[in-house]
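**Q** Residue strings, one per chain:
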Amino acid sequence: MKPMDVDKLVRMANQIAANSDYGPDKDKLAAAVADHLTRFWTPPMRAAIIEGHRRKVLDLSPLAARAVEKLAPVAEPA
Amino acid sequence: MSKAYKTYQRAADLGTPAPNAGTKLVTLTIDGDDVTVPEGTTVLRAAALNGINIPKLCATDSVEPFGSCRLCLVEIEGMRGLPASCTTEAKAGMKVTTQNAKVAKTRRNVMELYISDHPLDCLTCATNGDCELQDMAGAVGLREVRYGYAGENHFEAKKDTSNPYFTFDPSKCIVCSRCVRACEEVQGTFALTIQGRGFESKVSPSQNQPFLDSECVSCGACVQACPTATLTENTIIAAGKPEHSVITTCAYCGVGCSFRAEMKGQEVVRMMPNKDGHANHGHSCVKGRFAFGYATHKDRIKKPMVRETIHEPWREVSWDEAFTFAAGKIKSIQAKYGKGSVGGITSSRCTNEETYLVQKLVRAAFGNNNVDTCARVCHSPTGYGLKTTLGESAGTQSFDSVMKSDCVIVIGANPTDAHPVFGSQMKRRLREGAKLIVVDPREIDLVRSPHVQASYHLQLRPSTNVAVVNALAHVIVTEGLEKKDFIAERCDAEGYETWREFIVDPQNSPENVAKETGVDARLLREAARLFASVPNGAIYYGLGVTEHSQGSTTVMAIANLAMCTGNLGREGVGVNPLRGQNNVQGSCDMGSFPHELPGYRHVSNAAVREQFEKEWGVRLLAEPGMRIPNMFDAAVAGQFKALYVQGEDVAQSDPDTHHVTNALSSLECMIVQDIFLNETAKFATVFLPGSSFLEKNGTFTNAERRISPVRKVMEPLAGLQDWEVTQRLAQALGYPMNYSHPSEIMDEIARLTPTFTGVSYAKLDELGSIQWPCNANAVNGTPTMHIGEFVRGKGLFKVTPYVPTDEVTTRKYPLLLTTGRILSQYNVGAQTRRTENVQWHDEDVLEIHPHDAENRGIEDGDWVGLQSRAGETVLRAVLSERIQPGVVYTTFHHPFSGANVVTTDNSDWATNCPEYKVTAVQAYKVTGMSDWQKKFTEFTDEQLEFLRRARSPEAVG
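Chains as they are written, first to last, in our numbering: chain A, 2 to 79; chain B, 515 to 1471.
Only chain B is shown next, with the shape it has when bound in the complex (with noise of 0.2 Å):
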């Protein structure tokens, strides 16, 4: 058993969470005992941080004290009464007796009542030996029941199973109300109540409803929360306590959660968030906790399979015989076309370790440049923005940083439903009172949600972010309201100038650009003000600042914008792309632009070079090789012919559908490494089975470049781990790749790479995780940028002019069409499609405003027709107001949505990040499937019925 497997045992639990930290301490006597806290400790907290377990069960870390179950009563010297531990504050002097027999008899009473109201199947209970209760009534020795269990009592209470993931048994209950605090203050979403008073006093979801119809979003708080088995895990009502854990990364979002995987022998059976986790400090989402059964899901692909072309069934072989065949395919095709006409697409899904390799096997054994990576269609604007206007192509900040902010943009980004864990830390903050001012076309939760309203909602067009960022810094300079010394201090003064000169021209006014991006010029100024007024101002952006023809001139914008606010270097400010894919920020840091070796330096610097290929063994080549779109271009032309493709899909994920399919059709090998046939596998004439984040080792790096080590709980179903095939691959190719572990690569990234040479295995189990830099400068990693001085020195102010896109409505397609994510999938749905999580979303939808609805004479529910210039396709309608008339929002999680289909290959100038965001489109009522999902479904099942004689007989069955 490796050291990182622990005998399972419940997550230690110091009573109430930490006070805000400050410097003063404070001393006191607990049991005899001096004891030091910082103040604003609680007695409990205090008594636990020396070892002394006070009895609790309202109580816990997580949430504030509530002073309800009155267990952990104590004695203090000069104060009346038994008062409660979690809610009295730890004070100097104050002389604290945790057990006497006064405490203890009153304790068993408190025990005794709630007892004699509790169900006692503890022998069959799904949390027997594993229940706050249970443990509480053995530590105050309750013996019996005097009042016996005939009274009045919740036994035959209902349960309500309408969540697929946990069980809610309200005869457990002892009304803690550590769910309902959970709700509000861990997650933010105020689902649950206490309805009733004394015994009628219930848990209660929503307006008394079932879990699944309620408003809660299923992020589990409540379960975790829960000191009995009232809100219990089904997968633990199942099997039964795990038995032992490993710590490991969440493999969904760029949010990056650390998670103790509870399992008993390879089976999981929890995924618990780690209190300890420096992303997450203990949260999670619904995907992250419940969503892990498509790794075990009869879909996975456990033989590797080849075939000639597509249109005939699979083979399936052996490991050996697949990469023969694989190798044979690419070397006889370099033969024939050239060594440009072959490449590959590393995975943000992927460790780093395993983006790594490929981008080594195409520069090193495919002998070109021709790499790329999904971050292309999602966050490459973020790479080229950063790296131009501040020198490193990455967020600036923690998210722990938040919690200082004083007032927060968020721009093109949708947290509560893309980064859900990250969302909740931010609505805590603008619960403590930071100010919001939201730019989104589209009223996302954040706007108005419980206990949380934007100051500001900046509604504008799709297509008009850079703009809308003009106008925010032209107000703040114009009006004088700019940080000069920041400015003069920290940033290139010849850039300033002509960017100043620039922004401050009227054309960029709000007055200005107020017809073109629909935002009213009175709350801009407004917003402008609020902003340049805070000592901590904050920028959140995602891919709604990306996905457009001038992504990377936003991105650059929204560095100016902090810049001339004097907002980056410290703690409560700065950029923060939110990262779509749990491993984007990693895959980019990996070298898997074309463009870029590892550590985001350009090949055509030869003393780079010089140093891999003195590693590596191998040339390279000085100059950039194909982004994805060319290398689909090229395809088509008939220049590119073969394509690695690693955990990605981008026959679903990429836009204008027909061109990818029509690419992927034109080449004469693809090898794909997934876990799943994935839409791209389906062109696929070499299948490579790959492994989930639970039959592996390695690391992601998070949005905060937080690497975090992914830990292997079970044997990879096909009996390699991703790094492996990858290494065996190459080793077909004749270049040798001979790691025997993935530390090696990582120690082959850290001696290659500035930014990554303090990092190691042995460092990441010490610390847990280091956000990078890490190296000499900063031997612990690097949690805030910029202190002090930018990377590239002199911050960068670039000019942002506005150019407005090509794609404009007409009167054939009057609709603009934006695109967005939901809180329940993720990305291409692969995983999330295949677990429980359907239930929330089974279906991409079309939201379309009432009015745009009422002129087209489509209701909500009705099936309409979606055309743009690229394609068509039918999705269901919807009717909301969360959009303007004009605009239409819909999904991508589900394949025969083809939402794709629709978009089109317009992208951003700097970078080709395609323009996923806006696209002018036409709706109207229809009856049936488009054209295109005809040929699709058509397609899938022929190509379901050649996996299915692939398989042997057995597995036919």
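One chain only, chain A, in its complex shape (with noise of 0.2 Å):
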């Protein structure tokens, strides 16, 4: 099995951070975009960004990272 296309994460992650960046509290904004990633990604997805940034090898943006930091720990998926 390959893994999961990490890449097009950060792009997709980077993207919603991108549209989701106006005003001046960035917890705010991370905390935004963090629900966003909990309410839509499933759990697979979210895992391996988590295990990304964790192995710091990602490009996520400040903002977008800040949001993933946020992410609850995932449990195994199904």
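It should be emphasised that the hints constitute simulated quantities derived from the structure, not laboratory data.
Note that the Cβ used here is the ideal one computed from N, Cα and C, for glycine as well.
One should not assume that every hint holds.
[Stated by the list, open to error] Anything over 12 Å on all C-beta distances counts as not near chain B; from chain A, calculated:
| id | residue |
| --- | --- |
| 1 | R12 |
| 2 | K27 |
| 3 | A32 |
| 4 | E52 |
| 5 | R56 |
| 6 | V58 |
| 7 | L59 |
| 8 | R67 |
| 9 | V75 |
[As the list claims (entries may be wrong)] Below are the DSSO-like pairs computed for lysine-lysine, each with C-alpha atoms no more than 30 Å apart in a straight line:
| id | chain 1 | residue 1 | chain 2 | residue 2 |
| --- | --- | --- | --- | --- |
| 10 | A | K9 | B | K853 |
| 11 | B | K1308 | A | K29 |
| 12 | A | K29 | B | K1312 |
| 13 | A | K71 | B | K1308 |
| 14 | B | K1312 | A | K27 |
| 15 | B | K918 | A | K9 |
| 16 | A | K71 | B | K853 |
| 17 | B | K901 | B | K918 |
Need the complex rebuilt from these two chains, each delivered in its own frame; the hints are there to steer you.
**A** Laid out in structure tokens, this is it:
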């Protein structure tokens, strides 16, 4: 089994962050981006981006990175 | 015979249209009876309402009266002569006599003249027994024609059979002008005229051209209006008068027209738009009225088929064997790769009940939330954007609402092609004087057509919608034109303040964005002022809004614009998404998205889940499943192994064909349920034959949230209705589904979905159609939403920053490709390509501006290679000034065209709706097919051979 295409996830996360980036309270914005990822991304997608970010191999924008840091740990997918 | 079946009779005709709704009534006397009617009603209509059918020929209630045939003459006390009742308005105290010796004699004389120049071939005439002229001759008691038939006449006038669907036989024409008026008033095309004077008068399409070569759009309104056999459907010429009819709903676009399927046994002989249809009021387009032949096309697959891999021939099997095979594959794949390795795609062409069952099967029998629908690739941003701002994922109005609009903005939609019946209604309102602002990169027909001209066409560069809509709002707020009272009363104050601060920023000014958008700042300012100045402003939009990297943002910007101008919560206003497929709204309502259960409730909501768990008897997952693009990515990565696709054709319709077909080829099992071996089915290992809309019971929900009945008029060709197929598959998987009729599925939906609580088949039979929400608060449904209060409480202004797309032109790819639809074809064309509609559009072409063409040495009709970073295809060039230099345009109705070989995997940030409308490309002259097209042809030939070998010997011949 090949790994999930994390680059695509990074592109999507950065896009979500870019479209949500308005206002001074970056923590609130990061929470909103994290909420979006929680509501719409599957657990394996979230797990992949959390893991990639933990290993510091992803090219995430600052807001997207902050959002990923806010994501709750993901249980093993079904 | 079900109650829905009615013995055929011509639809009732009150002679003239209802007057504009007023409250005042007048009472007159007709043949001694007091009759009370709304002011403005004609005498003809007043009599008909009272059961007195005054003879008539040139009058019909779909067009304004004309007063030419002189058959509806009556006597009115105090009025001289015999006035025509069709053009005489009923007045209080009027005394009307509809029949006496003088009136009868005059009518007979009139009729005698008509018949003296009419062929007397009634017994062999196509409309024998269903002809108004014949009826009127009987009604006036015509017994002889004293003039004889030897005088000058039109008996030898030549038939025009150029249109594939109807025949024009001028020898039967009485020059009543009903066809001409229907073309003008009902359809709004103005293709017909009466040419010549006196005896030479004749109906002329355009400049006396054959119908097919004229401006006629083949909507059939003229045929419907004709009181003789002059304009007759070819199916009626072939089959004769229908014997029964059934009210049902069109399976083409999101307008959802109501039709009378007029039948002989199980054969449809005519689709007649239903005058009582709430979405279409008796009108239709070329697709709905005429293009139904696909349902019985020879390509229909009538037996289930299976195979181990896509590289081997199909095997026809019994239904039982097919279900056992499919269920076995799903179970073994889940056992090997995990529960999440399979998923399903519901269909926006299938009924609500069928869609509901597929998502139920995925959630309950597959045990995951990997379900999505084709709305992913069209209106998912509408769901997201409107839910966020207004609180409900649906349009706010009825179609009829447009008749109260004073200014209409059309953004990224082409209603006269893609939603033609609503397009006609909008044009009617525009002819009455409403203003029009078009925001579109292309000069769509609405910008300038007979008696319609847009006040402003903001011809923006593709991908700059957000900048333009923000700039409109910027002008309104900075010039103090916003509706402060509405905002204060109806909208969230904090949200508004944040948005206001954002929108007044000079970066959003028309002048600042003009370079990016290509829209003249002065025009944009004027358009904004116009929209803000009218009492009722309405916004209509389509896929030109949603299919962008900022699709959801534009939807929210549109909602902001409507809120700041106070244009929500009453008739004549609103945010109106024009839905693509017939049941896109319904498929979304029915819980087709991986994160939402029916009624747009997130799967993480434990209370909602519990209701479904109780009803369905299973535990449901609280986490969202995969969207379609996630499924494809996971398939390529080897993590997603089986897919059940009902009535969708992702291999043709979804972007970046290379990636899609790569994903589909990676699956170990794909179950396709469809009426044809579509492009996706060529990658399938199980084929379950589907049923067309004529072969099943259910409901569709149109763009105005209107739930309309779909009724079975013929037996399913493969033996099962689509909902039965899903049910049997669930049973084979060991999950119990035991519905005996789709009404029971709707009852379950109503039990579980707050906006559907009051919906039932009994109520649909009673009301004809129902607009949701329909519940205790709105017993008969909700035509206009958000009256008094938004569904979410206070309307939420969302900040909508313009973020340019990554898909930008470069030296290598200097042009922007944008895509769209054409009137005669529908979506991937699987249906319309199998009808005579191909006469209007037998291939997709590339529209290119003459400047761009000249720079590349391309001439009209040349083959042109079109290349993007995703792929390359070849199309024929058509030089066009409808698009600006730098932009090229095509449609995607034919698979061989490969429009989606070129489109990329860029998508909307919030919903992953693909960015079909913006692809950076290069175009160049070529002499032959692209590599992809060569491979496509080889693969198609191979798969058709596999199909041929599956069929029994008698079918092969």
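**Q** Confirm or reject each hint.
**A** Hint check results:
no.	hint	verdict
1	R12	8 Å, violated
2	K27	15 Å, holds
3	A32	16 Å, holds
4	E52	15 Å, holds
5	R56	18 Å, holds
6	V58	17 Å, holds
7	L59	16 Å, holds
8	R67	17 Å, holds
9	V75	9 Å, violated
10	K9(A) - K853(B)	24 Å, holds
11	K1308(B) - K29(A)	21 Å, holds
12	K29(A) - K1312(B)	15 Å, holds
13	K71(A) - K1308(B)	29 Å, holds
14	K1312(B) - K27(A)	17 Å, holds
15	K918(B) - K9(A)	46 Å, violated
16	K71(A) - K853(B)	28 Å, holds
17	K901(B) - K918(B)	25 Å, holds
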